[in-house]
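Trainee: Listed below, chain by chain, are the residues.
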Amino acid sequence: MPDNNNCINCPAYNSGNLVKLGINMTDFDYVVALAGNPNTGKSTVFNNLTGLRQHTGNWPGKTVARAEGAFAYNEKKFKIVDLPGTYSLLSTSTDEEIARDFILFGQPDVTVVVIDATRIERNLNMVLQVLEITDKAVLCLNLVDEAKRHNITIDDRALSRELGIPVVPSAARQRVGMPELLNFIFQVAAGEYICKPRRISSDSKSFNTAVDKLVSEIEKEFPGLPNARWVALRLLEGDQKIIDSIKNGELVNLVKNNYYTS
Amino acid sequence: MAETLNPKEKLLNTANELRWEVGENFHDTLLESIYKNAADITALTVNHDNKGRKYNFDSVVDKVVTSRLLGFPIMFLLLALVFWLTIAGANYPSRFLSFILIDNIHPFLKDLLFFLNSPWWLTGLILDGAYLASAWVVSVMLPPMAIFFPVFTLLEDYGYLPRVAFNMDSLFRKAGAHGKQALTMTMGFGCNAAGVVAARIIDSPRERLIAIITNNFSLCNGRWPTQILIATIFIGGAVSPHLAGFVTAAAVVFVAVLGILFSLIVSWTLSKTALKGEASAFSLELPPYRPPRILQTLYTSLIDRTLIVLWRAVVFALPSGIVIWLVANLTVGGYSIAAYMINWLDPLAFIIGLNGVILLAYIIAIPANEIVIPTILMLTVLVTGNDSAGAGAGVLFEIDSASQTGNLLISSGWTLLTGMNLMLFSLLHNPCSTTIYTIYKETKSLLWTFVSSVLPILIGFVICFLVTLIYRAL
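One line per chain: the protein sequences are A and B, in this order. The numbering of the first sequence is our numbering, which starts it at 1 and goes up by one. The numbering of the second sequence is our numbering, which starts it at 1 and goes up by one.
These are calculated hints, taken from the structure and not from any lab test. There's no promise every hint is true.
Short, incomplete list of chain A residues facing chain B, as computed with Cβ under 7 angstroms [claimed, not checked]:
{"#": "1", "residue": "Ile120"}
{"#": "2", "residue": "Leu124"}
{"#": "3", "residue": "Asn151"}
{"#": "4", "residue": "Ile152"}
{"#": "5", "residue": "Gln174"}
{"#": "6", "residue": "Ser202"}
{"#": "7", "residue": "Phe207"}
{"#": "8", "residue": "Leu235"}
{"#": "9", "residue": "Ile246"}
The C-beta atom is built at its ideal place from N, Cα and C for all residues, glycine as well.
Excised from the complex, chain A in its bound form:
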């Protein structure tokens, strides 16, 4: 999007005053998680926001641990966590567990899902799973420059409507879209933008009844739990970690934390 360049270079455009804080992560106000498929540019977004130089590379499996950094925006301090790139949150490999557990138990104030605009359908699988776990998310529709080259046009407003979360078209390598992304991160974190995330719907009746029944049971036992549906889905799959977290009360802490922050 070369036509925007003059705007981007203008100081007024960045008036939200992004301050890259690197690894200085003391006294943060909000926690931001960065999730998404491998190779969509998560680490590039992370580097743009924090000013750090987390190594990036054009292949899956580059980041397998969490990297953390910080930035300040609109006088609030944000801690941002770059999660391993994964295709789903349903399997048992260590990288997926790290990503899943952080979104579920780390209780980030915003989860930014970075997706590849040239591979939307496959990337949406991951987005839908994230939206089952958390209400507060922003979609960073990255690599729109490549999509354009490949003659792919995306109606980002319709996408935002379908998913119920803000959608920011971006080209992180050229730093396009970063100010808008920051703005939405701030709005969602501060509660100015209320997300209405899409839930996975199924055609299978027995599936829906089972999920609905379990969700109401869970909500009875843990009122205020933000991700009862995800917990229900995991219980129906027999996820030992979730079963344990119910037994040992970790899930209860989650609810408490949620009350305190909201």
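Based on the hints, put chain B in the right spot on chain A.
Mentor: Just chain B, lined up with the frame of chain A:
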């Protein structure tokens, strides 16, 4: 009974009952629903105009670089090209750095300390030990790394590495390992510790363990310079000059490929014995080719890789230089400690076609593979008393080109066999201490850490022994 259950257990019981009701295909139903939702949303929001011809560029390139016929030859050629560029380009800057750091700064500092009335042992420890070891590391390692890493990173950023993994995938599955091991192995070409951590992308613990144990067979950053230097001297030196560059590059590629071969053989053996099981399936996405941002790649690969590896080498070279100077200068009964150790290691070393100096160097250099060559050179000067190029016991000397290094080694009794076996041993020996620690952190098992550390060195002994037998029989 139901009344005595606490609510949590009741909840879990309900969940269990519902699981029975929904049946085994819950997971599939869930995945289907996710895919269907994703497809619906995509249909509503994305419009793909297929007329563009650029979109096909990727698949055309992919057809060539991952083809059955051309995939492997292209891979070998690209690797050889990278090495050739490194070998051809590194010589002059190496000479220049050595001229500055060793020919000029070292004598200047020596005069300065002499002027300040520093005692001889302090001058020796600081200048002839610590300073020279570091200066040597910088002048020998910086130029090849400054060429190798950016070129390699360009390939990586363009998206070639996943294609390598794609080519290797079927081989790894046949070896009973996970196809993703091809990715962790490629990662190991940069750093084995990183490769071991990258094994987290593998789902099954069995296959993950195989990937961790065999990662050391990928030549890492610290070992490329050894391979390149020794190949230049002994392999390149054995053929006519106009072929030398090509043959040297081919020799290094050969050792790297040999490492991949060992990776496969050991994986196969493990999956048939201690770690029995079937290989699991997975899907590997070939990312689109992305034009690398050349300047940024040059910058980050210089900062992230070259300088970090170099810094690590210098950090380890400083104390090692001191240790080497000490073992070379502390004497017991008229002989230095180093001389005792080398004499003691020599018989074993002779059997496997190496020498005591090399084995001692590998013991001193456990913290970092990067300092093996400097250590060997320092010890060689000491044990042979060959100070034509330097200034006495345990002192690094001025070597401003590969050919001078070669002259020194050859005059100390090194042969083509020593060179070949050193290259093999550099591939097949214990991982550096950082990697060993990382393996322990990832596996949480002393047994597997021990296996990963000892297995390669045993294989190394056996292979070097066999090569020696054949070489001496000819």
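Trainee: If a hint holds in the structure, say so; if it doesn't, say that too.
Mentor: Taking the hints in turn, this is what the structure says about them:
1. Ile120: holds, 5 angstroms
2. Leu124: Given a least distance of 4 angstroms, the restraint on Leu124/A holds.
3. Asn151: holds, 4 angstroms
4. Ile152: holds, 5 angstroms
5. Gln174: The hint is violated - Gln174/A has no Cβ within 7 angstroms of chain B, the shortest such distance being about 9 angstroms.
6. Ser202: Holds, about 4 angstroms.
7. Phe207: Since chain B brings a Cβ to about 5 angstroms from Phe207/A, closer than 7 angstroms, the hint holds.
8. Leu235: holds, 4 angstroms
9. Ile246: Nearest chain B Cβ about 6 angstroms off; hint holds.
In summary, the structure is inconsistent with hint 5 from the numbered list given earlier, while agreeing with all the others.
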